[in-house]
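If you want the building blocks of each chain, they are given just below.
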Amino acid sequence: MNRLQQLFQNKKKDILSIYYTAGYPNLTNTLQIAEALEKAGADFLEIGFPYSDPIADGPVIQGSSKQALDNGMTLHLLFEQLKDLRKTVTIPILLMGYVNVVLQFGVDNFCKACAEVGVDGCIIPDLPMYEYEELYRPAFEENGISNIFLVTPQTSEERIRKIDNLSNAFIYLLSSAATTGKNLDVSANARTYFSRIKDMKLNNPLMIGFGISDKQTFDAANEYASGAIIGSAFVKSLANGDVEENVKTFMKEFRD
Amino acid sequence: MNYFVNERGYYGDFGGAYIPEMLYPNVEELRQQYLSIIHEESFQQEFKALLKDYVGRPSPLYLAKRLSEKYGANIFLKREDLNHTGAHKINNTIGQILLAERLGKKRIIAETGAGQHGVATATVCALRGLECVVYMGEVDIKRQAPNVARMKMLGAKVVPATSGSKTLKDATNEAMRDWINNPIDTHYIIGSVVGPHPYPDMVSIFQSVISEETKKQLLEQTGKDQPDYVMACVGGGSNAAGMFYHFINDENVKLIAVEAAGKGVSSGFSAATTLLGKEGVLHGSRSILMQTPDGQVVEPHSVSAGLDYPGIGPQHAHLFKTGRGQYVSITDDESLNAGLLLTQLEGIIPAIESAHALAYLEYMKFKGGENVVVCLSGRGDKDMETYMKHFGL
Chain A
1 MNRLQQLFQN
11 KKKDILSIYY
21 TAGYPNLTNT
31 LQIAEALEKA
41 GADFLEIGFP
51 YSDPIADGPV
61 IQGSSKQALD
71 NGMTLHLLFE
81 QLKDLRKTVT
91 IPILLMGYVN
101 VVLQFGVDNF
111 CKACAEVGVD
121 GCIIPDLPMY
131 EYEELYRPAF
141 EENGISNIFL
151 VTPQTSEERI
161 RKIDNLSNAF
171 IYLLSSAATT
181 GKNLDVSANA
191 RTYFSRIKDM
201 KLNNPLMIGF
211 GISDKQTFDA
221 ANEYASGAII
231 GSAFVKSLAN
241 GDVEENVKTF
251 MKEFRD
Chain B
257 MNYFVNERGY
267 YGDFGGAYIP
277 EMLYPNVEEL
287 RQQYLSIIHE
297 ESFQQEFKAL
307 LKDYVGRPSP
317 LYLAKRLSEK
327 YGANIFLKRE
337 DLNHTGAHKI
347 NNTIGQILLA
357 ERLGKKRIIA
367 ETGAGQHGVA
377 TATVCALRGL
387 ECVVYMGEVD
397 IKRQAPNVAR
407 MKMLGAKVVP
417 ATSGSKTLKD
427 ATNEAMRDWI
437 NNPIDTHYII
447 GSVVGPHPYP
457 DMVSIFQSVI
467 SEETKKQLLE
477 QTGKDQPDYV
487 MACVGGGSNA
497 AGMFYHFIND
507 ENVKLIAVEA
517 AGKGVSSGFS
527 AATTLLGKEG
537 VLHGSRSILM
547 QTPDGQVVEP
557 HSVSAGLDYP
567 GIGPQHAHLF
577 KTGRGQYVSI
587 TDDESLNAGL
597 LLTQLEGIIP
607 AIESAHALAY
617 LEYMKFKGGE
627 NVVVCLSGRG
637 DKDMETYMKH
647 FGL
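Chains as they are written, first to last, in my numbering: chain A, 1 to 256; chain B, 257 to 649.
Hints were generated in silico from the structure; no laboratory data involved.
Derived pair list, reagent style DSS-like, types lysine-lysine, alpha-carbon separation capped at 25 Å:
#, chain 1, residue 1, chain 2, residue 2
1, A, LYS182, B, LYS362
2, A, LYS66, B, LYS422
3, A, LYS236, B, LYS422
4, B, LYS398, A, LYS66
5, A, LYS66, B, LYS534
6, A, LYS198, A, LYS12
7, A, LYS182, B, LYS413
8, B, LYS422, A, LYS182
9, A, LYS248, A, LYS13
10, B, LYS422, B, LYS645
11, A, LYS112, B, LYS534
Using the sequences and the hints, build the whole thing.
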């Protein structure tokens, strides 16, 4: 059982996950932000490795990705920065990024490197389920790396069941079919969709992401899932000033 | 060897649908329905009637006599430049708009580089009364002003892509983001044989009219329906895919695809994807693309905006890897010279894209008497400023 699976076994509600882009705002901030977030009460983290063409992302994460690349971030460098991760950070860590970067690194090498530094899982939005199942699943499982799948309001029930069978940590429920950084739609439609998924009584716990930006949207998400994931809103808060102060200020709203 | 798509959407090692879950329902709907819709009799009737009466097909297959004399072979030009809107792009947009209507879509989005595909999309949207949004790199909007004006006059909204290099690749990213955010009522008309399955197959089917006509025309003019060579330029590769389509399984016909070398293959300013690229995933399919060792997509360069793309369609990657097609490249200067040569020998001003294919004739070793078809994919009106600047006209 990896740290991520353990977390979901121990905690059923109010789980807060934070996304940020490695190498942003400065190249060397990666580990410092992880430490500060754990201290401020985040339950687990998603560290993005940047890609030049992030089609699932809105302007904020496009911007942080571009800045990180301009700063010189690469996947090799990220693993180097995370070498001593487990000396100071105990909460589960996921890596998130696009498939081409992983393919160039080599899927086997990627999973091994994750296991070596103590990363627990990953989210690769443009890695299709079929290719994962047919080609890459053994590499993930041999290294104890959980692969996280996304579900949107348009995902069919049959497909959600299949995703549930392939998942071993949690399912990432998108608040709406949208790129990152939009506001959470807490309309009746969204609530019907969240309830529908909740009522499917899936094996895996749910985390809601995309459009979670403050305590109100976080609480709304918590009604239907084990917790929620914040990305763009946090990345935005890092733009100016001291990184550790920014983390503290941002997290205050959620963990007082 | 199978050179066409298999049921999983792959051409050998290439293709597939590498898309985030948000796009899955759209792409899956298309995958399930595109073949049955295209094969409906009513679809075929409407498609063929529009190609004939609206686009002006069949486009002529013209034996270029003076060019033939110069090179010592029978050079035939497939005149896609004479199509309505000035290029082969309209074959695909007619097909896709009819498909979108049958899927009940109300809103059309597209990406464009030089603006040819954008104009072809805006044209069919005007024709059918559908809302049209075209994403175009901010840099391209500045260098292709006449096409921007045409799209606007046709009623399309032209949205600048301001991310990344602000060119075709980024316009494609923005169009995909739009589709993610509008999953129900919108159809994305991709302009080339790129993108997730079924786009490469679908676009090549709509463009295959080029080689279908060529076979008939060759039979009438030469007594045989197969040439010795077919040649076409490749950016994403849609005119080449259409030009090759009905010749791919005839191994006696040599397929020559001409990429843009830009300022030279090793200059750092090039779009010669098969030479400079590696296998990877771009815009939803596994193919060959120009990238750093870390997997970041590299900015290409070509004088021709239509070839200024860091990838190629997955079928081209397969034809290249299996050796079925010969992939070569031509520099900016060589292509401009070939454009001038065609103009002065035959009275035809070609698009700089198409001039790349013509330029490779200089490197061909003909014995004499071979039949060669070059796809003249577009006309050069849009490129006059570049020609004038280069030649000091």
